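Colleague: Residue-level listing of the chains:
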Amino acid sequence: MRVTQGTFSFLPDLTDDQIKKQIQYCMDHGWAVNLEFTDDPHPRNTYWEMWGLPMFDTKDPAAVMLELAECRKVYGGRMYIRLSAFDSSHGWESVKLSFIVDRPANEPGFMLERQERAGRKIAYTTRSYAVNKPQGERY
Amino acid sequence: MDMTNTQVTGKDRYKAGVMEYKKMGYWQPDYVPKDTDIIALFRVTPQDGVDPIEASAAVAGESSTATWTVVWTDRLTACEKYRAKCYRVDAVPNAPGQHFAYIAYDLDLFEPGSIANLTASIIGNVFGFKAVKALRLEDMRIPVAYLKTFQGPATGVVIERERLDKFGRPLLGATTKPKLGLSGRNYGRVVYEALKGGLDFTKDDENINSQPFMHWRDRFLYCMEAVNRAQASTGEVKGHYLNVTAGTMEEMYERAEFAKELGSVIIMIDLVIGYTAIQSMAKWARKNDTILHLHRAGNSTYSRQKNHGMNFRVICKWMRMAGVDHIHAGTVVGKLEGDPLMIRGFYDTLLDEHTKVNLQHGLFFEQEWASLNKVMPVASGGIHAGQMHQLLHHLGEDVVLQFGGGTIGHPMGIQAGATANRVALEAMILARNEGRDYLAEGPQILIEAARHCTPLKQALDLWGDITFDYASTDTPDFIPTATAAE
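Heads up: the sequence lines are chains Z and H, in that order.
Once you know that position 81 of the first sequence is 81 in our numbering, the rest is easy, because the numbers rise by one and skip nothing.
One gets our numbering by counting positions in the second sequence from 1 and adding 1000 to each.
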C-alpha cells in the first residue's frame, strides 16, 4: 500500500527539483519550513520527530534541500519524512502545506481491528503493521 | 426624492392618528451610525406612487418599533433609541423603481447570541408589508459587540485541517448517489469506494434522514465501517457527513450522540431545521469535538430572485455567527446558480478576518469578524475533474470540492472516479505553487497528469467538454466602472 497523507501523495514521488520549487513557494509567502520524520504513520500520529527547529530564518530553498539530504542520509528509505510550512500570521497560526518527501521502500499498511459491541456497534482500531516492532527497527 | 429631514417632534409627534413613517422618526438623513449599531441594507421596490423615502422609513419602522398608527405608549420608552433609523436611500444602478435603503438598529433591540431574535426583527413582518411591492435584504453590518455574543463555528477551517491533517489544498468530497433508495449496505459501498479512491469526505444528501429504504442507525453503522476501512487502507483521516436532521431536537441529539459514539469526525444538518436548531447543534458540535456541516437546503426559495427575499451573503453571515463549520456556497462553474463575483463575496464573508467594502462582490459594509472562526465553503453540484483549474482559480484552496456525479459516474467505477479527482487536484496545486499560469495552462496540466493516471484520462475523455453556461439571476448591481458612493 501507499500512505497517502500529505498534499502530493497521489502524484509520482516529487523530484528534488520539484521539492525545491515548493519550498520556494512557501518562502515567498513567509512561511517557516520544517522537516519531520517518523516510523509510526498512524493517521492520528500528530507529533512526528522534528529534524531540528522550523527554519524560520532560512531564505534559501537550497539550504532546506541540504537539511533534507542530511535527514535522508540518516532515515531515507526507512522512515517517513515530511516537509511542512508554518504560517504564523494571526487567524491561521498553523500549517499551510505539508507533504511527504521520503518514505520507506516497503509500506505494509494498517490492520483494522474490530471490537464487536452491543447493538451491532463496532469499536475500530487502526494499527500500523510496522509498529509491532520497536521504534527504529520498523522498516 | 426629497432627502430632507421630515421628522415631527414634540407634542405633535404623538397626536392620535396615522402619520407618515418618515415623519415619525424612522427617516433620519443626518444620523451617523454608531460602531455598535447593527446596519441592514434593503433593496426596496415601493408600490407605484409610493415615495421611496417613505417606503424605506416604513421598512425601518416595521422592523423595529412602529405600527400603522401613532401610539401614545411610545412615550413610556426611550423611543428615540429604539426606533430603527433609515439614514440613506440610493437609487439602484440600472434598476428603475428599486432603491437601496440603509437602516441602523440600536444594539439594545436584540437579544445576545440569538439569530432567531435578530431575524425576527430584521425579516420578521416587514417583507409582507403592503407599501412595498418587493423587498430584499442585501447585506448587514454586525458590530463586534454583537458578534462577541455568538459562539461562532464549532471547529473552524484551521482546526478542521489540523484534525484531518490535510493542508495546502481544497478538500475533496462526494455526495452519495442515487440520493434516495439505496439500502444501508449498498450506501456504505459507495462511501467506501469513494474514500478509498482518494476523497477526504463523503456526504449524505439533504433529504437522507430515516426513510423506509434505509433507517438512520443502519446508515450510520455501515458508513462508519466504510470510513474506518478506507482510513486503514490509505493511512489518512476520512469522514462521512452523517445527516442528523430529524423532526425534533431530541431525535437530532440522539442521532448526533450515536455518530459520536461510532467515532465520526463530522455530522451534518440542513438549513431547513431553523436557526435555533442550528445554533443548538453548533453548541453540541463544539462540546463534542465534531465538525458541523450545513447543507443549505431551501435557500434558493428566498435568495435567488434579485428583487425579493434575502441575499445569500446574509445567510453566510448568520451561519458563521450561528456556528456551522461548512456551508454550501456555490461553484461558479457547476450546475447551480452562481455569478463568480457574487460567489467571491460569499466566500470572503465566510473566510475573511476583516472584510472590506467591495460593491462588485456585493459587500456593502466593512465587517470586522472579531476572531470568530472561519467557515469552510463547500462547492457542490455539477463539477468534474476537467474544471480543476477553474475551480482553484475561482474558489481558492479553502473549500471542499464535492464531485458527486463526477466521482460515482466514472466509467471505471467509484474508486477510479475519486482517484481522478484527487490526482487532478494535486497536479493543479503543484503547478500553481511552482508559479505556472495554471488557469491558462489548466487543460495541459491535466493532460500531463493523466499520463500517469488512467482514471483521470478517462474522466477527461468523458466529461472534458461539459459546461453549464446559463446566465445568473443574482448578479452584481455595480459593474467595475461604476463609481458608487462609499
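Incorrect hints may appear among the rest.
Derived lysine-lysine pairs resembling BS3-like cross-links, with alpha carbons at most 30 angstroms apart [claimed, not checked]:
hint : chain 1 : residue 1 : chain 2 : residue 2
1    : Z       : Lys20     : H       : Lys1166
2    : H       : Lys1457   : Z       : Lys21
3    : H       : Lys1011   : Z       : Lys96
Selected chain H positions facing chain Z (Cβ under 8 angstroms, derived; list incomplete) [what the hints assert, rightly or not]:
hint : residue
4    : Lys1081
5    : Asn1209
6    : Ser1210
7    : Met1214
8    : Glu1236
9    : Leu1430
10   : Glu1434
Ranges of calculated distance between the beta carbons of each label pair, as one might list FRET restraints [stated by the list, open to error]:
hint : chain 1 : residue 1 : chain 2 : residue 2 : range
11   : H       : Met1412   : Z       : Pro108    : 21 to 29 angstroms
12   : Z       : Thr15     : H       : Gly1181   : 23 to 31 angstroms
13   : Z       : Arg120    : H       : Lys1034   : 55 to 63 angstroms
14   : Z       : Leu66     : H       : Gly1274   : 56 to 64 angstroms
If you're looking for bench data, these hints aren't it; they were derived computationally from the structure.
Small disclaimer: the values here were computed from a predicted structure and weren't measured.
Backbone N, C-alpha and C fix where the C-beta goes; we use that ideal spot for every residue, glycine too.
Colleague: Starting from the hint list further up, note which numbers the structure goes against and sort them upward.
Modeller: 3, 4, 5, 6, 7, 12
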